[in-house]
Each structure stands twice: as structure tokens, then as C-alpha cells.
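Colleague: Letter by letter, the chains look like this.
There are 2 protein chains.
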Amino acid sequence: MEGVDHLALERSKTQFDVDQMKVVWAGSRHALDVSDRIGRLVASDPVFKKDNRAMLSRKDLFKDTLRKAAHVWKRINELKLTEEEASRLRFFIDQPSYMDLHWGMFIPVIKGSGTEEQQKKWLPIAYKMQIIGCYAQTELGHGSNVQGLETTATFDPKTDEFVINSPTLTSSKWWPGGLGKVSTHAVVFARLITDGQDHGVNGFIVQLRSLDDHLPLPGVTVGDIGMKFGSGAYNSMDNGVLRFDHVRIPRDQMLMRVSQVTREGKVVLSNVPRQLLYGTMVFVRQTIVADASSALSRAVCIATRYSAVRRQFGSNDSGVETQVIDYKTQQSRLFPLLASAYAFRFVGEWLKWLYTDVTQKLQANDFSTLPEAHACTAGLKSLTTSATADAIEECRKLCGGHGYLSSSGLPELFAVYIPACTYEGDNIVLLLQVARFLMKTVSQLPSGKKPVGTTSYMGRAEQLLQSRSNVQKAEDWLKPSVILEAFEARAMRMSVACAKDLSKFANPEEGFAELSPNLVDAAVAHCQLIVVSKFIEKLQQDIPGKGVKEQLQILCNVYALFLVHKHLGDFLSTGSITAKQASLANDQLRSLYSQVRPNAIALVDAFNYTDHYLSSILGRYDGNVYAKLYEEAWKDPLNDTVVPEGYREYIQPLLKQQLRNARL
Amino acid sequence: MEGVDHLALERSKTQFDVDQMKVVWAGSRHALDVSDRIGRLVASDPVFKKDNRAMLSRKDLFKDTLRKAAHVWKRINELKLTEEEASRLRFFIDQPSYMDLHWGMFIPVIKGSGTEEQQKKWLPIAYKMQIIGCYAQTELGHGSNVQGLETTATFDPKTDEFVINSPTLTSSKWWPGGLGKVSTHAVVFARLITDGQDHGVNGFIVQLRSLDDHLPLPGVTVGDIGMKFGSGAYNSMDNGVLRFDHVRIPRDQMLMRVSQVTREGKVVLSNVPRQLLYGTMVFVRQTIVADASSALSRAVCIATRYSAVRRQFGSNDSGVETQVIDYKTQQSRLFPLLASAYAFRFVGEWLKWLYTDVTQKLQANDFSTLPEAHACTAGLKSLTTSATADAIEECRKLCGGHGYLSSSGLPELFAVYIPACTYEGDNIVLLLQVARFLMKTVSQLPSGKKPVGTTSYMGRAEQLLQSRSNVQKAEDWLKPSVILEAFEARAMRMSVACAKDLSKFANPEEGFAELSPNLVDAAVAHCQLIVVSKFIEKLQQDIPGKGVKEQLQILCNVYALFLVHKHLGDFLSTGSITAKQASLANDQLRSLYSQVRPNAIALVDAFNYTDHYLSSILGRYDGNVYAKLYEEAWKDPLNDTVVPEGYREYIQPLLKQQLRNARL
Ligand SMILES: Cc1cc2nc3c(=O)[nH]c(=O)nc-3n(C[C@H](O)[C@H](O)[C@H](O)COP(=O)(O)OP(=O)(O)OC[C@H]3O[C@@H](n4cnc5c(N)ncnc54)[C@H](O)[C@@H]3O)c2cc1C
Ligand SMILES: Cc1cc2nc3c(=O)[nH]c(=O)nc-3n(C[C@H](O)[C@H](O)[C@H](O)COP(=O)(O)OP(=O)(O)OC[C@H]3O[C@@H](n4cnc5c(N)ncnc54)[C@H](O)[C@@H]3O)c2cc1C
Ligand SMILES: [Ca+2]
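Top to bottom, those sequences are chains Z and U.
Take the first sequence: its position 638, counted from the start at 1, is 638 in full-length UniProt numbering, and no numbers get skipped.
Take the second sequence: its position 512, counted from the start at 1, is 512 in full-length UniProt numbering, and no numbers get skipped.
Chain Z extracted, bound-state conformation (with noise of 0.2 Å):
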């Protein structure tokens, strides 16, 4: 059966052109180029093989994540690899490691933070890894709450040195990624102490390993803080703890961007403005949106894949059995989630657009929509990384029993996706940071100060406080500025609904905190709304190849009318629609279903994901599933021999009831 293609049926009914589909998916026909290219060279080399990842002990696991960096780093190198697609190589890998640490923290940080003379010192030797760097912010005790950090630097004019310090258990650094064994640096964020004075949190690059030996320096202690959720997953990579018993560093080493202290031990402040600081935060948050998009695809993409494949129930006329894709519980549960996929995908493009808007303004030193587009990605990075968590689940759902074994892939893209929900603020507290924004919009409404960007639409207020839905048959749902008005409506009677009940207490913060759980659900409603506008944005532009806007508009729909059942609750107790429109809304959204059903396998093509990458068997792109499941059985190491080791010992006595005395 080799070299038969099982789900060729299904690819022969695609109504749309697959090949354009990937450029709109990829970004551009040479983002496509590269990613395909690179994915290729990563599937065919043997050192990036990954399949039997799940069985390896830690430590094994462990070493052959630093054979991959290196051999990463060396085909870099020998390739002579532009940053894009070294990026995408490493991308390609899928296995966490202290690379992405230095890369996507360490050096951004530096780069984000340092002075001018900082960034020359450090730069170059980092992009040549000749140190490896990592970033130790969280302490066993401190996390969300980044100010709370016990770690100190205190300033010793003596010597001209800062003494990092753990004063405490608590204080231990712990969670930094690469640095229990691997990283030689860190930018570690202490409270800054001169001449007794506290003047808070401030990052400081500490060396920790001598370059000769690798061991650590005197008075740093060091080490991983062991596993991990799952087999695999994030276990390849060295979180670590750390603690200082007051290690001395040159003053030059405090990044010093913003803050700075002077040999006499003064702080003053840079003429760079703080808010600099908030670009990087923007960067990394649009990099998690553009993960949470390729983690959720790949889930869907295996699910779909074998829902094709899978057979169950009503046999049709030639007695073969119904594809479970053909079933609408299926279907509703399923497409939904490869909506998502895209609507993320195109959400995480605009964030890039947003990060250069951004970056363009602070160059300009133009500041005013800083707060608008730090709450939009703090938003939208809760929004979509607690919906991939929860959809990667469903996808092993939807495979029934055979999503359970890790040879289809879902285990471990659950286990290694997850801590997105986590790092990088916690889902609940940045949720709370946008409704703290909106709640600032809202009363700032009366005085006419415009709200901009994302918030725009809470100009008008009035009109949307008042708004009734003219949906009156189901195909109005398909109208994108019903669906807009809607998403608006609700939203923003959301966001009033919070600032009058907020208003009753004397005490603001009290009622903040009284009235979180609302807020949380107000931030939601506003997130949501932006990325169903940023999909329908989306839609207005030029989308060439036969088909495929077609499609576009199908899934957006299909998310919009999706999250409209999801969350009916807030939409009717808004009075946004009436239940008769809701009613409509879920007539229209099986319609919609039905329209993905024909495609909704080159819809995942359109990934193109090599089977690699996927590291599925449920998700072959071939769907030769049952021969493949068989072979792989046999692979586990249970199987070496026909009877189990310990059977002498455990089993045997048993059946030849040497124990005896049973009362049962």
C-alpha cells in the first residue's frame, strides 16, 4: 500500500486552488518558497529525526536536543542561511531548546534594554554564540507579579560593582529556560540597591559558567528543575533554577537603556523614554499569536486528516462505513477549530503589521497608541493561546481512542503548547490588564478623548448601545458588517455594562476586584471582536486563485457564527440579538459546515506541513493509518521481548498461586 494515497477521493473534490491557498496561508509566495524548502531540508536530515522522542529518558532526551542546536547551528553556517530561514529551520526542528531562549530573549532583551555601548559589547558575540544567554526573571515565589522579585543588586561604590544576591529560598530564580545546564549568561532581573535605598526591578547580565569548563562561577548554584508535563515535549529543554550568594559584577553590566547608575551610585534617568521597553513586549507577544496559529493547524490538520480516514456507523449503500467527518457533531466541534486556525494566522499578520506601526511611532517619539496596542497584545495573546490549548485537546477527542497514543502526534503538541497559556503573562492577568484598559476608555468617553486603533469602535458608543440586529433570515449572517455590528454591540454593552456596575463602588479597586470575573468576560467579548474584524479586513483585500476567497469567507463565518453560539449568553443578555436571530445564526452555521466538508481536506494541504513536522501517523498526509499504527506498535521497547521482563518474579507467582490465603 505504500505510495497509495488514501485520501485521494477526498483531494479530488476540492473546489478551490490549493497551491494559492499556501501563499495566503504562508504570507507570500517567498515565504511559501522558504518554508517548503526548509521544511524539506529538515525532513530529510537524519539528526532531526524526532519519532521515537516520547520514549527517551531526560537525560537522553536532553542530549539529543543539544545535538540538534548544534547540528542547527552548524547547517546554518554551512548553508549560509538568511535570518528568515534560519528562523524557519529552527521553527522546523519543533524541539524546544536554550536556542530559543538566546535568540528570542536573551538577545532581544539586550538589544531592547542596553545602551547603545552595551549592545556593541554584547551583540556580536552572542549572535555568534560565543556566549549563550538566557533571561531569569521568575523566582520560585514571584512570578505574575514582576515587582515582587526578591533577588537584589546592590551597588558597592567601593568597588564599582553590583552583589546579586538570593536572599531567600523564594528568591531562587526558577523557570528560566536554558539556563540550568546550558547557558554561560543570563539577563538577570534584580531589585536595584544603592546606599540603601531600594529603587526596583532592573535587568543586569550576570556571567554564570566559566567559558573554559562550563562550571559554574563561585557563589552561583545552578541546575535543572526537573520534568516536565508529558514524555518529550518541553522536557528537552533545561528550565532552571539559580541562586546567588552575592556574586560581584562590573556597574557597565545593569542594562542601562533607562535607568542609569553612576559610579557614584546615583540613579537618573536616560533621556530614552521608559515606554521604549514596551516594543519588545509587543514583538514577543506577535510571535506567540503566529505559534498559537501553526500549534492549532497542526492539531487540526491531524484531526481532519484522520477524520477522513476514520470510519464508524451507518454503513452506506456499499457497506462500507460512514467517515466520521461526515458526522455533524464532527463537523461543529472540528471546522470550527480550522476557522480558528486561519483567523489566528491572519490576526498574527496584522500584529506584525501593528509591531512596525509601532516601532515606526517610538522612533518618532509618538507614544499615543502605545496603551492601545499593549492591551490589544496581551489580549489577543490570552485569546489565542488558551484557545489552541483547549483545541489541540478537542483534536485528540476527535480522534477517539487512537488520539490517546503518542504516535499521533497530539500528546505531545498539548504537552509542549500548553505553558504558552502561562509564560509570558498569564492568560487571566493580561486579560485583566485589556479590561483595565477598556474600563480607562469607557470613562474617558464623556470627555471626547477618541479611542484609537482597536478601541475605535467604542466611539460609537451611543449608536451601539442602542443597535438592534436586522438579521431576519439566515443568510444575513453571512452580511460581514451584521456580524461586525454584533461582535461591536455586544462588546462594548459589555465593557458599560462593567464601568456602571463599577461605578456603585466608593472604592474603585475594590470593585475591580469584586467585578474581575466580568471584566475578564468584557475583555474577552473586545478580543474576539478584533480578530473577527482583523479576518474580515482580511477579506477586503485582493485574494487571487480559483476559489479561495470563497473558502476564506466560508471559515470566517464559520469562527464568527462559532464563537456567536459559544458565547450566547453575552450576546442575548446584551440584547446585541434576539434569540430567533440566534436561532438563524445556528441554522446558517450548519450550512456553513456543509460548505467546508468538500474542502475541508485541502484546507489543511494548505499547511503544508510535511508529515515530519507533524510527527503524526493519525495526520499522514497519505492517510495510510491502520499499517502505519501496526508497525509503529512494535517499535515499543515492551515489545524486545514476547514475555515481560519481571515475569518471573511478578507474574508467575501469581498464576501458580504461591500466594495464597485469598479471602475473596
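Accuracy of the hints is not assured; some may be wrong.
Copies of the same chain are indistinguishable here, so a pair counts whether it falls within one copy or spans any two.
As the list claims (entries may be wrong) - Capping the alpha-carbon separation at 30 Å, the derived lysine-lysine pairs in DSBU-like fashion look like this:
| id | residue 1 | residue 2 |
| --- | --- | --- |
| 1 | K22 | K80 |
| 2 | K479 | K111 |
| 3 | K128 | K50 |
| 4 | K80 | K656 |
| 5 | K128 | K74 |
| 6 | K128 | K656 |
| 7 | K473 | K328 |
| 8 | K361 | K440 |
| 9 | K74 | K656 |
| 10 | K504 | K479 |
| 11 | K80 | K111 |
| 12 | K361 | K450 |
| 13 | K500 | K473 |
| 14 | K473 | K549 |
| 15 | K534 | K473 |
| 16 | K50 | K63 |
| 17 | K534 | K566 |
| 18 | K63 | K479 |
| 19 | K473 | K580 |
| 20 | K566 | K440 |
| 21 | K121 | K549 |
| 22 | K635 | K49 |
| 23 | K635 | K59 |
| 24 | K479 | K566 |
| 25 | K328 | K440 |
Calculated from the structure, these hints are not laboratory results.
Note that the structure is a prediction, hence the values are computed from the model and not measured.
Fit chain U with the ligands to the known structure of chain Z by using the hints.
Modeller: Relative to the frame of chain Z, chain U with the ligands by itself:
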């Protein structure tokens, strides 16, 4: 700090008699005593240690499981444990093994489907574990649709034997627990063929391995199907693959309680009614619901204790940060899960009664309540396992970053629990069965047929279709009658709406397929009503102990009002309550959270779990989280050496720049 109770202050705030609550949770004073005694026994026995499970290789984990299983059997015999005690012992070991299937499926199915003669022959040796059996139904290509199984059992009248055969790859048995490496026997489900005619699926007792040397018998190919979700978790189980090449078994090894094959190869029905087989199903599902409350309460116990230890932000006067359990968002995510644990416990208790009731009625040849009991157990299995799976992951998220560590106990709990959503019936397939039953019930209403048991509210259809909730202030939502009415109205109206929509289809099966997502929603509404009403019924009992009933009342209301919030779309779109009333429910819910808050720790203490059973550093009884996390980290194999294996090959060359030509 050893010996200090970091949660003592929390415990001092308790407003009820924890010991009495323990009795309520356990079901009786006697059950508590047994549970407590056996729990401690397991915790203190070094063979049952499980804190390094996530680090074991598959082979070592499996051997560890064999060792534990043999030790369990030894202790059961040495201590002459009663059946109740033995079952608690197996529960507290907390490691899936072939024992679960031997005792939980192999023996019950012989009891339920074997003739008296067969029971006499097989049960005694099974009870003594002179044979070990499993339940082999699912095949590689066939799961939910049992009628589609491909394995054949062809009667050969010449030899008076059945020939068991696997005609295709997809007919390979796949998934049975205990099959891969341990079981000597299996109940194999296969198509009965006599005289060229297919008589559908029946069960057959088949010996798989020699009792002398444990080698597979001729014609039997058997092995393990490979790694499953997570580290540790269900990988201790040898879920297996099994193929038959014309294996012969005597005719009397077909389970013949209901259908029999005569010496001549005729298929005849016995005088035992087919429905008897449902009894076993009700029994198995009842244990699954009980397991759901155990898994859920365990996760909630961990998250609640850690939420009282963990502090972030908002320092109070003393300069200490706020306990995260004091945040309303944390409460609104956590307390409904705490309430759900109690709710599932009580509905599980009721199911135990239902099973007895059904059994008695069956014995009296009264099958009238069977369809209702069957639908009800199917629905409750689906509802409680889905909610529990989601809740465990939510509890993990509630623990922030540290929840992602294996040592939090939550990753393994999730991984080991989730297949409960799939085995013993895929949860969506089960809800569709419930929906089918509801539609039948509704369609019979006009004929005057009185709905029984959990559907008896449907007898008041007319009233429920017209009633209006008379909630006028938040406190009205505390009344059981008000809650019941809202839930009944919602469930009734959703079912009736589905029935109406169905009636528009010429072909009812087509209608059912097309509307299946709505039907699933209606089934969920019905099942939630059952859980709520059984909680309310429980509170009508006499419950001794200071404050115990008050706490349970609060939890019952939390559970119900949380569901109102979560499924608000249902309640509003059916007009069961108004938007204003929904908002009052929300206000009431927030105030209930404040009432739970001081009792939260005591409410999880009432589960009476040992630290061994919880196996979570975050959930430790004494709250000594940080010191123990720190200690635990150093045990990871990666910390065996300060410089990691692989340094010389893969890190040093990078740092020393033996790799050149970077273009970056
Ligand atoms: C895989 C992984 C990799 C990581 N990598 C790094 C790294 O490289 N460098 C680094 O420095 N750190 C890293 N971290 C740490 C990570 O950034 C923190 O875990 C994260 O910021 C969450 O903080 P926390 O763990 O303190 O959660 P907590 O804040 O303790 O969260 C616990 C609970 O409290 C709630 N809560 C907290 N504050 C509030 C509030 N004000 N209002 C309402 N509810 C609240 C949360 O919602 C949550 O439910 C990593 C973590 C993980 C899991
Ligand atoms: C850990 C574990 C232990 C197990 N132990 C045993 C054991 O001991 N013995 C044994 O015999 N088996 C065992 N099983 C197998 C288990 O019983 C099956 O996996 C289960 O019945 C689900 O069937 P499936 O895998 O075929 O799922 P499928 O039916 O293939 O499900 C795939 C998808 O199709 C959907 N679907 C299927 N039918 C319909 C329909 N009619 N309408 C709408 N949607 C539908 C499902 O909802 C799901 O989303 C075990 C499985 C696991 C994971
Ligand atoms: Ca492992």
C-alpha cells in the same frame, strides 16, 4: 520548617465540622474508616512509592507496575482483606495495571454473560488469579461501532469448535488493557458465523498464553501498542494488540447466557432476556462516575491548597502579598470545580443506588425502567468525565507556572484521567444516545405515556414550557425550587425545540443527523439537571455535624449558578430566565464565593487524601511548597552532573567557535 503547618491559619477559619464532612464525602463512617486505614497502609509501604514515576523508562515503569500488582495481591491475602478493603487498596495504589481489567471487566463480563456452568468453571480460577483475563472488544479499525467488528468466530461442527480469526489488518484487536504482556486469557468479541451465516457479535473466552511459560499459543500474535499520553500515567498499562490465525477453542467457551450455539451449530436464544446485559453496563458506568469525583476532588485539593500558599501582588498592610485564592477570578474558576467534585460525588452515590434498584427490577423481570437507567448512566458518564478532564487542566492552570512541573502531580493526573472521556463509550456518541432517548420520550408525551425516573419532569411539559421564573432578587436564587424550575424549563424546552425541528424532516434519521449538535446540547442540559437535582435531594436528607449541611448548601448553589452562567445562552434563548435574572444569579454567585472562601481548605481536607495519594508538592497538606519544590528539583537525572552530558560534543564547539561562517 519540617512539621510546621503553613496552612494552620487557613484551617483555623473553618466554620464547619470537618470530620463530619469526611463522613459525608466517604459515604458513611464505616467507609471513612476503611478508606482512612487503607490509605495510610498504602502511603506507608515503600513498595507503593510513586514519586519518581515520571522519570522511569517504559520498561522500568512496567516492571514497577508488575511489582506493585503482585504486592497488592500479597497484602490482600496476608491481611485477609475484605472485598471493600481490597478495592480501596487497589484504588490508593493509583497506578493502572492489568488488575483493573481482570477485576473490573473480565470477571464482571463472565458473571454477566456466562451461563451458570461457565461461571462455575471460570470464576474460581479467575478469583484466585490462576488465570489473568482482559476484555478484548475494540479493533484497530473499529471502536464505537461494536457491530462493525471484523474478528470472526466460525463454528466448525466437525470438531465442535470455534475458529477465531483476524481476517484483515483492521480486525486486529487494539487497546485492551492488560492484553499486551500479561493476560493469559481474554474475552474476545467476534462475529459468530455458523453454516456460512453471520449472527453478529458475541463474546468468547480465549486462552492467549501458555500457563507454563507465558508464551503466546500457536496462532496468537500479541504485543503492546506503544506509548500513550504523558509520562508515567497510563503507560503502566499494557494496552495490547492481538491477532488470531485460525485459533480453535471448544464450543463451550462462547459466553452463552443469552445466545447459545448447539452441537449442530444452530443459534438459539436462551430464556434469559437480553436486557440483563445492560445491568453490567450500568455497573461499570457507575464506577466511572465515582472515579470522576475522585480525580476531580484530587485536582481541586491541589489547586485549592496551593492557591492559599501562593501570593502575588497587592501587598496588604503587613507587606505580604495577597494569597491568589483571594482573587475573585481565581475563586470563579476554582470554587465551581470544588462544588462539582461534591456534586459528582453525590450523583455517583445515587447511581450506586440506581444500580441496585435496576438489578432488583431485572430479577423481577421488570424491564420498564431500563431504557431510562441506561440513558441516564450514559449521560452522566459523559457529563462527569468531560467536566473532570477539563477541570484537571483548569486546576493546573490555576497553579500558574509551577502547575506545569511533574512534581505538581497535575500533569500525570490529567494524562491518566482523560481516556475516561473515550473508553466505555465516546462521550459524544453517548450523548447522542441520550438525545435519542429524550426525543423518544418527548414523542410519546401526547400518547399519555408517563416518563419515569430522571425524565419524570417531562410529564409536566406543558407547565414547564410556559413557566416564568419568579426570581426578583439575588437571594431568590438560593431556593432549590427556583433552581430546579429553571433547569427543568431549560432542559424541557431544548428537547421540545429539537423535537419540533426534527419533525420538519421527512426522514427522521436525516433530521437526527443534521440536528445532532443541537441534540447533544439538549442532552447535556438534561444531564446537568440530573446532577443538580440529585445534589438538592441529598440536601433533603438529615446531615449531622456543625455547619456541614450549610456548606453543602452553598456548594450546591455554586454548582447550579455556575452552570447558569456557563450555559446562559440556553437559559436565555429558551426564555427560562430573563437577562435581569441572569445578572442577579451572577451577583448571588459572587457572594457565594465569599462564603466558600474561609472554608475552602477545610472543604478539600474533607476528602481525607494522604500526601502519598495526592503525590503533589503543591497540594501538600502542610503547605510547605517552596522548600520541597527546591529539594525535588535536584533529584532530576540532569542534575547528576554539573556539566551536562554532551557538553564536549555539542556545546563547547559552539562556544569555542569551531563553527564559522555565520551570516547572521
Ligand atoms: C515552560 C515555562 C517556561 C518559562 N520560561 C521562563 C523564562 O525563560 N524566564 C522566566 O523568567 N520565566 C519563565 N517562566 C515563568 C513564567 O513566566 C511564569 O510562570 C508566569 O509568568 C506565571 O507566573 P506564576 O507562575 O507566578 O503564576 P502565578 O501568578 O502564581 O499564578 C497562579 C494563579 O494566580 C492567578 N493570579 C496571579 N496574580 C493575579 C491577579 N493579580 N489577579 C488575579 N489572579 C491572579 C493566576 O491567574 C493563576 O491562576 C516559564 C514558565 C513556564 C511554565
Ligand atoms: C486508555 C484506553 C483504554 C482502553 N481499554 C480498552 C479495553 O480494555 N478493551 C477494549 O475493548 N477497548 C478499550 N479501549 C478502546 C475504547 O473503548 C475505544 O477507543 C472507544 O470505544 C472509542 O472508540 P474509537 O476509538 O473507535 O473512537 P471513534 O468512534 O473512532 O471516534 C472518533 C470520532 O468519531 C466520532 N464518532 C464516532 N461515531 C460517531 C457517531 N455515530 N456520530 C457522531 N460522531 C461519531 C467520535 O465522537 C469521535 O470524535 C481503550 C481505549 C483507551 C484510550
Ligand atoms: Ca518518559
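Colleague: Hints first: check each against the structure and report whether it holds.
Modeller: We went through each hint and held it up to the structure:
For the homomeric pair K22 and K80, the shortest alpha-carbon distance inside one copy (26 Å) is at most 30 Å, but the shortest distance between copies (67 Å) is not. Proximity of K479 to K111 under the C-alpha cut-off of 30 Å is found in neither arrangement, the shortest distances being 45 Å within a copy and 61 Å between copies. For the identical chains of this complex, K128 and K50 are intra-copy neighbours only, at 27 Å inside a copy versus 44 Å across copies, given an alpha-carbon limit of 30 Å. Within a single copy, K80 and K656 get their C-alpha atoms only as close as 66 Å, which misses the 30 Å cut-off; across copies the closest is 19 Å, which meets it.
In this assembly of identical chains, the alpha carbons of K128 and K74 lie at most 30 Å apart only when taken from the same copy (12 Å versus 61 Å across copies). Taking the closest pair of Cα atoms, K128 and K656 come within 30 Å of each other only across two copies (10 Å); inside a single copy the shortest separation is 65 Å, beyond that limit. Taking identical chains as interchangeable, the C-alpha atoms of K473 and K328 lie at most 30 Å apart only when both belong to the same chain, with a minimum of 22 Å there against 41 Å between chains. In this assembly of identical chains, the alpha carbons of K361 and K440 lie at most 30 Å apart only when taken from the same copy (22 Å versus 65 Å across copies).
In this assembly of identical chains, K74 and K656 lie within 30 Å of each other by CA distance solely across copies; the values are 13 Å between and 59 Å within a copy. In this homomeric assembly, K504 and K479 come within 30 Å of each other (Cα to Cα) only across copies, at 27 Å, whereas the closest approach inside a single copy is 38 Å. Taking CA atoms no more than 30 Å apart as the test, K80 paired with K111 passes inside one copy only; the shortest distance there is 23 Å, against 70 Å between copies. Only within a single protomer do K361 and K450 lie at most 30 Å apart by alpha-carbon distance; the minimum there is 18 Å, versus 71 Å between protomers.
Taking the shortest Cα distances, K500 and K473 sit within 30 Å of each other only across copies (19 Å), while inside one copy they are farther apart (34 Å). With identical chains, the CA atoms of K473 and K549 are at most 30 Å apart within one copy only, with a shortest distance of 23 Å there and 51 Å across copies. Proximity of K534 to K473 under the C-alpha cut-off of 30 Å is restricted to the intra-copy arrangement: shortest distance 25 Å within a copy versus 41 Å between copies. In this assembly of identical chains, K50 and K63 lie within 30 Å of each other by CA distance both inside one copy and across copies; the values are 13 Å within and 26 Å between.
Taking CA atoms no more than 30 Å apart as the test, K534 paired with K566 passes in both settings, with 20 Å inside one copy and 27 Å between copies. For a Cα distance limit of 30 Å, the shortest separation of K63 from K479 qualifies neither inside one copy, at 54 Å, nor across copies, at 61 Å. For the homomeric pair K473 and K580, the shortest alpha-carbon distances inside one copy (10 Å) and between copies (27 Å) are both at most 30 Å. Proximity of K566 and K440 under a CA criterion of 30 Å is satisfied in both settings, with 28 Å inside one chain copy and 27 Å between copies.
Within a single copy, K121 and K549 get their C-alpha atoms no closer than 49 Å, and across copies no closer than 68 Å, so neither meets the 30 Å cut-off. Taking identical chains as interchangeable, the C-alpha atoms of K635 and K49 lie at most 30 Å apart whether they share a chain (15 Å) or sit on different chains (29 Å). Taking the shortest alpha-carbon separations for K635 and K59, both the intra-copy value of 20 Å and the inter-copy value of 13 Å come in at or below 30 Å. For the homomeric pair K479 and K566, the shortest alpha-carbon distances inside one copy (19 Å) and between copies (28 Å) are both at most 30 Å.
When the C-alpha separation of K328 and K440 is checked against a cutoff of 30 Å, the pair qualifies only between copies, where the shortest distance is 20 Å, while the shortest distance within a copy is 43 Å.
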